[in-house]
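Enquirer: The lines below spell out each chain.
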Amino acid sequence: MQALFDEFPVILDAFWLTIRLTLASGLVALVLGTILAGMRVSPLPVLRGIGTTYVNVLRNTPLTLVIVFCGLGLGLVLDVSFSTSLSTNYMWLSIIGLSAYTAAFVCEAIRAGINTVPVGQAEAARAIGLTFGQNLRLIVLPQAFRAVIAPLGSILIALTKNTTIAAAIGVGEASLTMKTLFEAHGDAVVQIFAGFALGFLILTLPTGLLFGWLAKRLAVVR
Amino acid sequence: MTAVTTEPARRPARGRAESSERVSVLYDIPGPKARIRNNVLTVLVIVAALFAVYVMVTKLDEKNQLSAEMWTPFLRGDVWLNLILPGLLNTLSAAAVAAVIAVPFGFVFGIGRLSERAWIRLAAGAVVEFFRAIPLLIMIFAVMFGGSAVFGLTVTPFAAVVVGLVLYNGSVLAEIVRAGILSIPRGQREAALAVGLRPGQVMRMILLPQAVTVMMPAIVAQLVVLLKDTALGFIVSFEDLLNAGARVLPSNFNNIIPAVIVIAIIYIIINVLVGTVATWLEMRSRRSRKTAAQPIARPDSPTAVEGGLGNPAP
Amino acid sequence: MRVRRIGAVVIAAAAAVAGLTACGDGGSGSDKFVVGIKVDQPGLGQKQPDGSFKGFDVDVARYVAKELGYADDKIEFKEAISANRESFIQQGQVNAVIATYSITDDRKKKVSFAGPYLVTGQDILTRADDTTINSVEDLKTKKVCGAQGSSSPARLVEKFGDEWKSQFLTEQQGYGACLPLLENKQVDAISTDATILAGFAAQSPGKFRLVGQPFSEEKYGIGLKLEDKETREKVNAAVEKMFKDGSWKKAVDANFGEFGKFFTTPPAVDRY
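Residue numbers (my numbering), protein chains in the order written: chain B, 49 to 270; chain R, 52 to 365; chain X, 903 to 1174.
Just chain B, with the same shape it has in the complex (with noise of 0.2 Å):
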C-alpha cells in the first residue's frame, strides 16, 4: 500500500492528463464527427464520398495505429510544432489521433440520430421553404442530438479508455505511468493496478450515470 501513497501525486498528475485528453479530444470530435454528419447526409455526392470514406477509413484501423501516424508522421508533414515542449506537443499530436478516430463513430452515432427525426418534420421544413443547411440546424440535428445522447455517453466512456493508448506516442498518462510505477515498485505490482482500476471506474462510471439521465431528461416526447 506504501507505493500508492508515495506516489499518489504521480497518479493524480496522470490521471488530470487522462482527463485533459478525453475533454480536448471530445470536443475535438464533437464538432468534426458533427461535420462529418452533415457531409453524408448532404445533397452533394462529392462530400458525402469523403464522408463515407473518412468513416470507413477510420473505423477500420486499429487506434494504435492511428496515433503512432499522428506522433510520427503527422509532426512530419504538417511541421507543426505546438508547443517548445515535447510532451506537450506529443500530446497534441495525440489528441488528433484520438479526436480523428473518436469523430468516425461520432459521425455514425448522429447519422443514426438523424434517422430518428419523423419525415414529417423534414418533409413540413422543406415545404416552408428552409434550405437543406437550415433544415438540419434548424430542425433535424437539435432533434437528432438529443435522441443519440445516450450512445454519445458510450462514445466518450470508450474515449477515456482510449486514451491510454496515447502511451504508444511516450504520452505520460495513466497506462503509461501505471507501467513505469509497475517498473519501479516490482512489488507492489496489485495495489498500483488496484489504484488505476478504480481510478478509471471513478472516471467512466459517474460519466456512463450522467449520460443516463441526461438521456432520459432530454429524450424528445413523440
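Hints are computed from structural coordinates only; laboratory data are not their basis.
Idealized CB from N, CA, C, for every residue including glycine.
Keep in mind that a hint or two might mislead.
Claimed, not checked - If you anchor each label on the Cβ, the simulated ranges turn out as follows: (1) B:ALA175 to R:VAL91: 20 to 30 Å; (2) B:THR136 to R:PHE102: 36 to 46 Å; (3) B:THR100 to X:LYS1087: 56 to 66 Å; (4) R:LEU173 to X:ASP952: 37 to 47 Å; (5) R:PHE181 to B:LEU266: 28 to 38 Å; (6) R:ILE80 to B:THR100: 18 to 28 Å.
Model the placement of chains R and X on the given structure of chain B, informed by the hints.
Expert: For chains R and X alone, kept in the frame of chain B given last:
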C-alpha cells in the same frame, strides 16, 4: 430566361436523380439553379480536396518520404514473405485464439447474469462490469507485469495480449449474449416453463437457439473490434502486423511512414472483409423466420439507437 | 441451425490457426545450436527481407557455433526480446542468447555469461551538420528521443530532472522510430548504447554523427545456462580466438561501417 434553354436537359437529369439515387427527405430534388450551384460546389470541394492532397504530397516529398527506395521494398516478394506476413500471421492467430476463448467466456458470463441464483448473477455482473470499465491496455500491462510479480510466470507478449483481449471482449460478448436472450419474446420462456421444462432446459432448448441467430451479427462485429485491438500488442513488443510495419520494416529500410501507411491498408482490407461478413449475417438473420426477435445492436455501439425513419442512409 | 454451423466452422478454423502457432517450438535438445538474437537492431541482430539474419551479434554467434563444432546449417536463430531473454535460457528454449545482452549482477543470478565480446556505453547521435552537441552536458537544452522501456532515457532523466523530461524528452516505440524524428529536426539527438546508434546510423551514410563520448558502460555478454560451466569455458575460448584472428575486427567493420572506428579494441574476457 435560362430556364427555357435548359428545359430539354432537365428531364433526363431529373429522371436520373429519381431513379438511381435514393431520394433524401432533407433536401428537394435540385432544380436548375440548385443543380448549377451544386455543380459549382462540387467543383470547389474537389479543388479543395486536390489542393489538400497536393500540399501533403509536396510536404512528404520535401521530407524525402516519396523517394523510390522508401516504397520499392513493398514490390518485393521476399519482404512480404519474411517480414510482413509473419506479423500478419501473429495478428491473426492472436485474434483467433482470443476469439475462441472469448466467445465461450461471453456465453458463460452472459447466461450467468441471467441466473436464477442471486450470487451467480452478482458475481458474473461484477466481472463483466469491471473488465468493461478498465482500458484494455491497462489490463495487458497488468497481465504482463502481474504474471511475473504475483505468480512468478514469464508472460509472453502473446499471452498478455490474448488474456487482455479475452477479458475485455469476453465481457462485451457477455452483454451481447444477455441482450440476445432478453430479446426473445417473454411469452416463449413462460410457455416453456408452463409445459414443465426446467429453467436450464428452457435456456438450452428454447432461448439460446433463437438468441444465437439474433446475436450472431453483433458477435461478428465485436470480433472486428477484437481484431483491431490486437494492435495494442505493439506497445508490449508483440510481433504483430503493426510491429512489422513500425519496427521491423523501418529497421531494414528506414521507411517508417510508408510502412505504416501500407500496414494501415492491410488492416483496413481485413476489417472491411470481416465487417462485410457481419453485415451479411445481419441481413440473413433479419430475414430469418427462425425467431420473432430482431438482430440486436452491440452495446456501446454508436448506432445503437432505437426507432427509425425513412431518411435514407447515403 | 445453419448459423450455428457457420459459427462452428469459424471456431474450428480459429482453433486450427491456434494449433498451428502452438507447434513449431523446437527445443535445444537436438543437434542444432539455437541462438536467441534480436531481429530489429540493425548492425547487431536484424532479420533481412530474404529471411536470413545479419549483424554483429549474428557474426559472433556464427563464429562461436563454428568453434563449438556446429556447421553453418546447424545454427538456428530465434527471436529474443529484452523481456524474455532470461526465461529463454532457463527453460532451455535456446542454447545461448546473443542479443545486446548486458552483463549485470542481477542477471548473473539467473544465467551465466561468457564474454564480454563487446563493450559499449550510452552515447549520442545527432545530425551530421549539427555541431552544437559534443557531450552529454549539451543535451540539457536539446530535444532527445529515447525508446520506451530502455534504461537510457531514464539515465538522462536522473541527470537532468523531471522538468527536463517534460520539456526535452520523448519516448517512442524503439529507436527506429526516433530516426525520422531526428532526421527531420523534430528532435536534436538520440541517446542510447553506441552500438545501437551506430547500427541505425550506418544505414544512412553521411546523415548522422556519433558523438563518441560514452557516459556509461555496457558489457555485452553471451547468456548461457547458469550451471553449464563447461560450455561457458568453450565459448570464452572461442570469443578470445575471434578477437585474435582478426574476425572480430572484420565483423565490426562489416556491421558498423563508418562508425566502426568507435569500436577498435576488443574487451578482455571476464572469467568470473
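Enquirer: Look at each hint and say if it fits the structure.
Expert: Each hint, compared with the structure:
At about 26 Å, the CB distance of ALA175 of chain B to VAL91 of chain R agrees with the hint of 20 to 30 Å. Taking the beta carbon of each, THR136 of chain B and PHE102 of chain R are about 30 Å apart, not inside 36 to 46 Å as hinted. With their beta carbons about 37 Å apart, THR100 of chain B and LYS1087 of chain X fall outside the hinted range of 56 to 66 Å. In this structure the hint that LEU173 of chain R and ASP952 of chain X lie 37 to 47 Å apart at CB is violated, the actual value being about 58 Å.
One distance hint, 28 to 38 Å for the beta-carbon pair PHE181 of chain R and LEU266 of chain B, holds here, with the actual separation near 30 Å. Under the hint 18 to 28 Å, the C-beta atoms of ILE80 of chain R and THR100 of chain B, about 21 Å apart, fit the expected range.
The earlier numbered hints that this structure contradicts are 2, 3 and 4.
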